[in-house]
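Chemist: Sequence:
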Amino acid sequence: MLDIKLLREKPDFVRERLATRNAGDESRVSEVLALDEQRRVALAEVEQLKAKRNAVSKEIGALMGQKKIAEADAKKAETRAIGDRITELDKIVAEAESARDTLLARIPNLPHGSVALGKDAADNPEIRVHGSRPDYAFKPLTHIELAEKLKLIDFARGAKLSGSGFLLYTGWGARLERALINFLLDLHTAEHGYREVAPPYIIGEHCMFGVGQFPKFKDQAYAVQEGLDGSTLGKLYLLPTAEAPVANIHREEILPGAQLPVRYVAYSPCFRAEAGAAGLGTRGMIRVHQFDKVELIKIVTPETGYDELEQLVTNAETVLKRLGLHYRVINLCTGDMGFSSSKTYDIEVWAPGQGSYLEVSSCSNCEDYQARRMNLRYKTEAGENRFPHILNGSGTALARLFVALVETHQQADGSVLIPEALRPYIGTDRISA
RNA sequence: GGAGGGGUGGCAGAGUGGUCUAAUGCGGCGGUCUUGAAAACCGCUGUGGGUGAAAGCCCACCGGGGGUUCGAAUCCCUCCCCCUCCGCCA
1 MLDIKLLREK PDFVRERLAT RNAGDESRVS EVLALDEQRR VALAEVEQLK
51 AKRNAVSKEI GALMGQKKIA EADAKKAETR AIGDRITELD KIVAEAESAR
101 DTLLARIPNL PHGSVALGKD AADNPEIRVH GSRPDYAFKP LTHIELAEKL
151 KLIDFARGAK LSGSGFLLYT GWGARLERAL INFLLDLHTA EHGYREVAPP
201 YIIGEHCMFG VGQFPKFKDQ AYAVQEGLDG STLGKLYLLP TAEAPVANIH
251 REEILPGAQL PVRYVAYSPC FRAEAGAAGL GTRGMIRVHQ FDKVELIKIV
301 TPETGYDELE QLVTNAETVL KRLGLHYRVI NLCTGDMGFS SSKTYDIEVW
351 APGQGSYLEV SSCSNCEDYQ ARRMNLRYKT EAGENRFPHI LNGSGTALAR
401 LFVALVETHQ QADGSVLIPE ALRPYIGTDR ISA
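Letter by letter, the first sequence follows residues 1 to 433 in this note's numbering.
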């Protein structure tokens, strides 16, 4: 949520920044300000009336105490009209405020000044590249072929259980998935200073609102209800990312400034309806309804927000380096950025069998946009309450990491060599048929 | 699923229609005293909003929302959450 005060004070700046997203949201600024003005006009009047009513009520109390009933009754009659007007104005204020906030909740965050201007993914600048595309003396297989030959994933039976877009990991495949999760959690807790948390996988609507998933992307979530009781529908959702519960851990709190920075790492499965998404229904692991992810979340002071973002990306990159994978880091341009983000780096890992890069991590600084939505603040040394910056990043997403790993480390004989760092976790140096 | 109890400031805890401007205690901050500290004493100590250059003034908030009333922490309705016991259950 943007700061209403920023809209009042610098509407042109807000319009200019929103316009860089190419989504047309800048036209909403005037609507929001009109409602805000309506609210304040009515509020000024109603508060004045309330002050008067409070004074008169106190007088009535005093008169009652002195048994001057007739005088008290006269005052009561006089005040009744004020009460009616207050009821009216209260309603106007509440409606204007609700309309204003509904609009405001649908306006995305402002891109940071350092973000490249651009229209879509084609305009995303490449920041750096690690390694290079490996050469193979043979034609590299796709992860689908490898997964079937090595019996890592049973695509047909996964679909039999839950439909297209759901995976059944089997044997070494299941073991590899579990090894990756443990490797990532250990890496980020032991070497990068994150605190491990394990959140609920079913979360309240307010968590989804807090991180900016709702109201705009409601159609992308799986809603759950209790049994067949439709009245419970709309309260709880399957998490689309651990960001949703973990970023909300401290919602509606005022953290002592000394407690920052807070750094959390969490493993969770992620559930996405992917309604209308390209690539859905394509065989394989690239786009599925359920995948595992290890997520990194930071709550930090605004002064350190962007340094922390750089560190966060580095932390995610370490995963790929340790696994011997070639990747590149790109910076999402203004037109390609997510709703809540001010600045986002994506990490794309090379998948030889696909012959393309796969997005395995998205690291964002949402500045105070989410903190404001969830009313999370921290107290400065001066005793002032401020909204912290909230950052999130995948560290990393698994199904695609799995793809890159098996495709990259496949051997001429059809086996997959396990990178050194992962061997203690999986308990083998090679997966063969 | 059934029965019962509860939700008040950082914490504990009073308050059941009118100086509640929420008692009191603890904790915290500042001060007096002291060589220093403790004790004692004094003062301050929540959140958001409106207005204003500022100081200030005003409004709202006792789990959320709504209602009754001139006036609600207090009465009524409704929802949420927590606790205890019973049943079922990994």
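Any given hint might turn out to be false.
Pairs of lysine-lysine, PhoX-like flavour, derived with a Cα cap of 25 Å [stated by the list, open to error]:
#	residue 1	residue 2
1	K119	K216
2	K149	K139
3	K149	K119
4	K67	K5
Because the hints were derived from the structure by calculation, they are not lab data. Fair warning: this is a prediction, and the values are worked out from it, not measured in the lab.
Chemist: Does the structure keep K119 and K216 at a Cα separation of 25 Å or less?
Modeler: holds (20 Å)
Chemist: Can the restraint linking K67 and K5 be considered satisfied, given a maximum Cα separation of 25 Å?
Modeler: At roughly 50 Å apart (the allowed maximum being 25 Å), K5 and K67 break the hint.
Chemist: Are the Cα atoms of K149 and K119 separated by 25 Å or less?
Modeler: Violated, because 42 Å separates the two Cα atoms, which is more than 25 Å.
Chemist: Given the hinted pair K149 and K139, is their Cα-Cα distance within 25 Å?
Modeler: holds (15 Å)
Figure legend: structure checked against the earlier numbered hints; hints not met, in rising order: 3 and 4.
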